[in-house]
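S.K.: Letter by letter, the chains look like this.
2 protein chains.
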Amino acid sequence: MSLHAESVPAFRRTLKSLSQCLDIASKDAKERGYDVNVLLQSRLAPDQFNLTRNVQVACDTAKFVGVRLGGADAPKHEDGPATLDELQARIEEVRSFLSGADPAAFEQNGTEILTLMRGITMVGEDYLRQFAVPNFFFHASMSYAILRHNGVKVGKMDFLGDVSMTPPPQKA
Amino acid sequence: MSLHAESVPAFRRTLKSLSQCLDIASKDAKERGYDVNVLLQSRLAPDQFNLTRNVQVACDTAKFVGVRLGGADAPKHEDGPATLDELQARIEEVRSFLSGADPAAFEQNGTEILTLMRGITMVGEDYLRQFAVPNFFFHASMSYAILRHNGVKVGKMDFLGDVSMTPPPQKA
Numbered sequence: 001m002s003l004h005a006e007s008v009p010a011f012r013r014t015l016k017s018l019s020q021c022l023d024i025a026s027k028d029a030k031e032r033g034y035d036v037n038v039l040l041q042s043r044l045a046p047d048q049f050n051l052t053r054n055v056q057v058a059c060d061t062a063k064f065v066g067v068r069l070g071g072a073d074a075p076k077h078e079d080g081p082a083t084l085d086e087l088q089a090r091i092e093e094v095r096s097f098l099s100g101a102d103p104a105a106f107e108q109n110g111t112e113i114l115t116l117m118r119g120i121t122m123v124g125e126d127y128l129r130q131f132a133v134p135n136f137f138f139h140a141s142m143s144y145a146i147l148r149h150n151g152v153k154v155g156k157m158d159f160l161g162d163v164s165m166t167p168p169p170q171k172a
Numbered sequence: 001m002s003l004h005a006e007s008v009p010a011f012r013r014t015l016k017s018l019s020q021c022l023d024i025a026s027k028d029a030k031e032r033g034y035d036v037n038v039l040l041q042s043r044l045a046p047d048q049f050n051l052t053r054n055v056q057v058a059c060d061t062a063k064f065v066g067v068r069l070g071g072a073d074a075p076k077h078e079d080g081p082a083t084l085d086e087l088q089a090r091i092e093e094v095r096s097f098l099s100g101a102d103p104a105a106f107e108q109n110g111t112e113i114l115t116l117m118r119g120i121t122m123v124g125e126d127y128l129r130q131f132a133v134p135n136f137f138f139h140a141s142m143s144y145a146i147l148r149h150n151g152v153k154v155g156k157m158d159f160l161g162d163v164s165m166t167p168p169p170q171k172a
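For the protein sequence lines, the chains are A and B, in the order given. The opening residue of the first sequence carries number 1 in the numbering used here; numbering runs sequentially from there. The opening residue of the second sequence carries number 1 in the numbering used here; numbering runs sequentially from there.
Keep in mind the hints are simulated off the structure, nothing from the lab. Check before you lean on any hint, since a few could be wrong.
Stated by the list, open to error - Quick list of in silico lysine to any residue cross-link-like pairs, SDA-like style, CA-CA up to 25 Å:
#: 1; chain 1: B; residue 1: K153; chain 2: A; residue 2: R43
#: 2; chain 1: B; residue 1: K16; chain 2: A; residue 2: I120
#: 3; chain 1: A; residue 1: K76; chain 2: A; residue 2: P46
#: 4; chain 1: A; residue 1: K156; chain 2: B; residue 2: K27
#: 5; chain 1: B; residue 1: K16; chain 2: A; residue 2: V57
#: 6; chain 1: A; residue 1: K153; chain 2: B; residue 2: E93
#: 7; chain 1: B; residue 1: K156; chain 2: A; residue 2: E78
#: 8; chain 1: A; residue 1: K153; chain 2: B; residue 2: K27
#: 9; chain 1: B; residue 1: K153; chain 2: A; residue 2: R53
#: 10; chain 1: A; residue 1: K156; chain 2: B; residue 2: K16
#: 11; chain 1: A; residue 1: K153; chain 2: B; residue 2: F131
#: 12; chain 1: A; residue 1: K30; chain 2: B; residue 2: P81
#: 13; chain 1: A; residue 1: K156; chain 2: B; residue 2: S164
#: 14; chain 1: B; residue 1: K153; chain 2: B; residue 2: S164
#: 15; chain 1: A; residue 1: K16; chain 2: A; residue 2: D102
#: 16; chain 1: B; residue 1: K153; chain 2: A; residue 2: A29
#: 17; chain 1: A; residue 1: K156; chain 2: B; residue 2: Q41
#: 18; chain 1: B; residue 1: K156; chain 2: A; residue 2: D79
#: 19; chain 1: B; residue 1: K16; chain 2: A; residue 2: E78
#: 20; chain 1: B; residue 1: K153; chain 2: A; residue 2: M1
#: 21; chain 1: A; residue 1: K156; chain 2: A; residue 2: L84
#: 22; chain 1: A; residue 1: K156; chain 2: B; residue 2: Q170
#: 23; chain 1: A; residue 1: K16; chain 2: B; residue 2: K16
#: 24; chain 1: B; residue 1: K153; chain 2: B; residue 2: Q170
#: 25; chain 1: B; residue 1: K153; chain 2: A; residue 2: N50
#: 26; chain 1: A; residue 1: K156; chain 2: B; residue 2: R43
#: 27; chain 1: B; residue 1: K153; chain 2: A; residue 2: D102
#: 28; chain 1: A; residue 1: K16; chain 2: B; residue 2: Q170
#: 29; chain 1: B; residue 1: K27; chain 2: A; residue 2: D47
#: 30; chain 1: B; residue 1: K156; chain 2: A; residue 2: V123
#: 31; chain 1: A; residue 1: K153; chain 2: B; residue 2: K16
If you're wondering where the values come from, they're calculated on a predicted model, not measured in any experiment.
Produce the complete structure using the sequences and hints provided.
M.R.: Written as C-alpha cells, this is what we have:
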C-alpha cells in the first residue's frame, strides 16, 4: 500500500488550490464592490453547508487523516462563523500539519480498525479510500462550485492546481 | 504502489453513486412535473459545463485511467447532447470496463511517461494522483452540485455511496 503517497500530497495540493480560489474571491469582492462575507455565507441550496462550512469540513477531513492514520496530534480549530483570513490560516495550518505526516504510521494504521466520530468504525484503508478522499474532494469542489455560481472567475485549472505536466498547463 | 487499489474501486463506487443520483433526479422530474432534460442542460454558471457534460467527463476521466494505466481498449462514447438513459448506459459501460482493469498493468505504467491529449506528457502515477483522481471527483461533484442547486433531494451519503462503516451509515 502507499496510503500516505496517495493522499497527503493530494490534500496539500488541493488545499493550496482552495486557498488560491479564496484569494481570487477576495479580489473579486474588491473589484465588484461587495463584502466577501456574502460569499462565505453563500450556498447552492438553503439546506446545504455554506462556503465557510465547506472549507472547514475540507480542512477537517484532511486533518483527521493525519490524526487517525498518521497518529499525530493536530492543531484544534473552532467551527462556526469565520473571516476569510481565519479560513486561510486554517488551511495553512492543516497544510503545515500534513507536511509532517509519517508514511510508516499510515501503512501501519491502514490495516487497523479505527474508531471515528459517534462510535463508527472502519478499517484504516477503507476510511481513507471510501470516506476521507471522496469527502475531501466533495467539500473542496462544493467550495469551488459556490464561488463559480456567484460569478467569481475561478476555472478548473485553479482547482487542479500545480500538476506535473509537460508542457505545464495554461490557464484558460 | 497500489495505483489500482487507490483508484478503480473509488471510480466504480462513485460512478454508481452518480447513477443513483441521476435516478433520484429522474424521479424528482416526474414528481414535480418537469422534463428531466432541463436538469441535463443545467449549469451553475453560463460558462460552465452542463450536467450532461459533467457526467460525460467524469466517465471519460475514469475510463482513460483504465486505458492509460490499465493498457486496455475501452468502449467508445460520443459527446454532445444525450438522454438520461444514454448517460446511465455510459456510466454502466465504464463501470463494467473498469471491473476488468489489470492491477499489474497499473503498477507497470505508474512509472512510465504517458502521452495524454494534445501531446501533454505526465508520469503515470502523477497522471493518476494529480490529474485523474481530482478531475474525476471534481466532475462527479459538479454533477451533484447542479442537481442540488435545482432542488433535487440528493444528500452527501448519496454521493459517498456504499462505504464499509460499522454500523452502516444512515441517510439523513
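S.K.: Does each hint hold? Answer for all of them.
M.R.: Consistency of the hints with the structure:
{"no.": "1", "hint": "B:K153 <-> A:R43", "result": "15 Å, holds"}
{"no.": "2", "hint": "B:K16 <-> A:I120", "result": "23 Å, holds"}
{"no.": "3", "hint": "A:K76 <-> A:P46", "result": "28 Å, violated"}
{"no.": "4", "hint": "A:K156 <-> B:K27", "result": "30 Å, violated"}
{"no.": "5", "hint": "B:K16 <-> A:V57", "result": "24 Å, holds"}
{"no.": "6", "hint": "A:K153 <-> B:E93", "result": "35 Å, violated"}
{"no.": "7", "hint": "B:K156 <-> A:E78", "result": "22 Å, holds"}
{"no.": "8", "hint": "A:K153 <-> B:K27", "result": "34 Å, violated"}
{"no.": "9", "hint": "B:K153 <-> A:R53", "result": "20 Å, holds"}
{"no.": "10", "hint": "A:K156 <-> B:K16", "result": "24 Å, holds"}
{"no.": "11", "hint": "A:K153 <-> B:F131", "result": "21 Å, holds"}
{"no.": "12", "hint": "A:K30 <-> B:P81", "result": "38 Å, violated"}
{"no.": "13", "hint": "A:K156 <-> B:S164", "result": "31 Å, violated"}
{"no.": "14", "hint": "B:K153 <-> B:S164", "result": "23 Å, holds"}
{"no.": "15", "hint": "A:K16 <-> A:D102", "result": "20 Å, holds"}
{"no.": "16", "hint": "B:K153 <-> A:A29", "result": "31 Å, violated"}
{"no.": "17", "hint": "A:K156 <-> B:Q41", "result": "19 Å, holds"}
{"no.": "18", "hint": "B:K156 <-> A:D79", "result": "19 Å, holds"}
{"no.": "19", "hint": "B:K16 <-> A:E78", "result": "35 Å, violated"}
{"no.": "20", "hint": "B:K153 <-> A:M1", "result": "37 Å, violated"}
{"no.": "21", "hint": "A:K156 <-> A:L84", "result": "21 Å, holds"}
{"no.": "22", "hint": "A:K156 <-> B:Q170", "result": "32 Å, violated"}
{"no.": "23", "hint": "A:K16 <-> B:K16", "result": "30 Å, violated"}
{"no.": "24", "hint": "B:K153 <-> B:Q170", "result": "15 Å, holds"}
{"no.": "25", "hint": "B:K153 <-> A:N50", "result": "17 Å, holds"}
{"no.": "26", "hint": "A:K156 <-> B:R43", "result": "15 Å, holds"}
{"no.": "27", "hint": "B:K153 <-> A:D102", "result": "40 Å, violated"}
{"no.": "28", "hint": "A:K16 <-> B:Q170", "result": "32 Å, violated"}
{"no.": "29", "hint": "B:K27 <-> A:D47", "result": "20 Å, holds"}
{"no.": "30", "hint": "B:K156 <-> A:V123", "result": "21 Å, holds"}
{"no.": "31", "hint": "A:K153 <-> B:K16", "result": "31 Å, violated"}
The structure fails to meet hints 3, 4, 6, 8, 12, 13, 16, 19, 20, 22, 23, 27, 28 and 31 from the earlier list, while all remaining hints are met.
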